[in-house]
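Novice: Please put together the full structure from these sequences, using the hints given.
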Amino acid sequence: MLDLCIESLLIGWDRNLDYAKKLVADLSDEQMMLQPRPGMNHPAWTFSHMNIYHEVIAQLASGGTFPDPREHRFGMLSKPEAEASLYGTKQSIIGQYEQGHARVAEALRNTSAATLERPMPLERWKKLFPKAGSALGYLMLVHESTHLGQISAWRRVQGLASV
Amino acid sequence: MPISQAVLDHARVNRNMLDMLLKDVEDERMAAQPAAGMNHPAWIVGHLAVSWEQASRWAGAGYRAPQGWLAKFDMGSRLLTGRAEYPAKAVLLAELDRGYGSVTPVIENLSDAALADVMPTEGFRGFLPTVEHGLVFGMTGHYLYHLGQLSAWRRAMGLPSAMGV
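If you read the protein sequences in the order shown, they are chains A and B.
Using the working numbering, you'd call the opening residue of the first sequence number 1 and step up by one each time.
Using the working numbering, you'd call the opening residue of the second sequence number 164 and step up by one each time.
In short, the hints are calculated from the structure, not lab data.
Backbone N, C-alpha and C fix where the C-beta goes; we use that ideal spot for every residue, glycine too.
Check before you lean on any hint, since a few could be wrong.
Computed footprint of chain B on chain A, listed as stretches where at least three residues anywhere in the stretch have a Cβ under 8 angstroms from a Cβ of chain B [as the list claims (entries may be wrong)]:
#1 12-26
#2 32-44
#3 90-97
#4 135-149
Specialist: Next comes the structure, spelled out in structure tokens:
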């Protein structure tokens, strides 16, 4: 049963990686920073934000602990900034994204039922996700896919083609 | 139950997210397009509804979208901006729920062998090789990419974030 659950999660996870690469394939470093309307997340922030959760997911799947991602400088309390040096180059941001995806997939393939059944290590998440494994579906499939969809719509505002 | 419970749970959670994203969007703004080419909520909800027909066919379920909806909402359909071109918000959401309610009980009971069947839609086989790949993607990535588009549409319309980020 565990193998089947992991397989289902990784199907969605791999699709996200493919989609993400297509969404940014034709973007320049400058375009990664564009915020066409107030409040719209730009790709540099969106990828930096998604990247901080890769370590969280890997730790959940491998028995470790992690600091609350909300407090990270690209966490949910942060906003997209206009200063490009905060984020780095597109190559660096996307390189981290790809490495993070691979690290999560490896952690999932090596996890165990006992690791996923242990209590959620982050106090703030315990009510919503009582077990370490309870958060995986949300973090891997809901959270990341929604942000990729934001980039899809961001592309349309720029007049860029659908991918 | 062979398909991940997490995936099925999220198919339900996604519907709640959609409600959050649309709760303050009045019917008359459902086809508003703040920038050319942006998918608007009427198209997105209709598209998600007809996606259940696709899942239904893959899963061997009986759900079919209303007549004319595939032409209006399927992948590659032309986005129209006149509000009268699309059904009412309540009708769109009710059809989405009808698809979900018809198809997910069938998916829950699919056997390993049925899930491992080759993807029936030839054009998808390259990236979704099996029925399971198609169903997981349909209930998670595909659905949520469109909710993300809706989230960005809200910002472009000057509406506040509905989900915090």
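Novice: Are the hints correct? Go through all of them and say.
Specialist: Results of checking the hints against the structure:
1. 12-26: holds (count 5)
2. 32-44: With 6 residues in contact (Cβ-Cβ under 8 angstroms with chain B), the coverage given for the segment 32-44 of chain A holds.
3. 90-97: Violated - the segment 90-97 of chain A has 0 residues with a Cβ nearer than 8 angstroms to chain B, which falls short of three.
4. 135-149: Holds, because 10 residues of the segment 135-149 of chain A bring their Cβ atoms closer than 8 angstroms to Cβ atoms of chain B.
Going through the hint list in order, the structure does not satisfy hint 3, though it satisfies all others.
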